[in-house]
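Q: Sequence:
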Amino acid sequence: MTIRLARLTGQDSPAWLEPALDVYVTAMNYPRGTERHRAGLWREHIARPGWSAFAAIAPAPVTPRTPDIDRRRLHHPLSPGGDEIMVGIAYGYRGAPDQWWNQQLRTGLRLTGTSPADIDEISADYFELTELHVHPTAQGHGIGEELLTLLLTGRPERHVLLSTPEIPAERNRAWALYRRMGFVDVLRHFTFAGDPRPFAFLGRRLPLADPGLEPGRPVPR
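Position 215 of the sequence shown, counting from 1, maps to 215 under the UniProt record's numbering, and the rest follow consecutively.
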């Protein structure tokens, strides 16, 4: 399998949003139909300052032609021939005090007794890694790390923050990736309003040490 990494733009979102949401729903094992509820939020995120996104794109199998393949099929301008599919998505934007996620983080830190000065230090000048997902059929090939590296390279913010579901003993690919990339605990076992699952906030300083990957460079498998 050969993966192509591509920068996404808000202008081209009609070509990539639905395939990206399908990757997201499948990777997170959410019920089919969740993508319709999330589409509006993703469109709102595109308009936020500092928004940036990258995709991992693979050749579409010639056969069999399945609904899963068709949902992830890309068209003009990302793939004029419609012969490629999305297998990974990563995006984020600059964090700000008026954003819900920032307010949830600040609330959680206050509840753990973190000082106001430390809360201000943590919740200022950061890039929020909002989504990073690889389709299950493409996992285990380092695509998530390549997308994350590309997304974070050259960011002007002082650090990057993310939230991810708590997993017993941190035993899944997402946690392994974040630890390998140098992310450390910021806040653990936090419950977002409207979601009963516990989440962890993780973060690390920027810039990344490796400037390495470039958009459009083929990545042989």
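These are calculated hints, taken from the structure and not from any lab test.
Heads up, a few of these hints could be off.
[As the list claims (entries may be wrong)] Across the chosen pairs, the derived CB separations fall in these ranges:
#, residue 1, residue 2, range
1, Pro-49, His-75, 16 to 22 Å
2, Arg-197, Thr-112, 14 to 20 Å
3, Gly-50, Pro-136, 25 to 31 Å
4, Pro-165, Gly-113, 20 to 26 Å
By construction, the Cβ of each residue, glycine as well, lies at the ideal position given by its N, Cα and C atoms.
Q: Just to be sure I understand the hint, the distance between the Cβ atoms of Pro-165 and Gly-113 should be within 20 to 26 Å; is that true here?
A: 24 Å, holds
Q: Using the beta carbons of Pro-49 and His-75, state whether their distance is inside 16 to 22 Å or not.
A: Since Pro-49 and His-75 have Cβ atoms about 29 Å apart, the given range 16 to 22 Å is violated.
Q: Has the hinted range 14 to 20 Å been met by the Cβ atoms of Arg-197 and Thr-112?
A: 18 Å, holds
Q: Taking the beta carbons of Gly-50 and Pro-136, is their distance inside 25 to 31 Å?
A: At roughly 30 Å between Cβ atoms, Pro-136 and Gly-50 fall inside 25 to 31 Å, so the hint holds.
Checked against the numbered hints above, the structure breaks only hint 1 and satisfies the rest.
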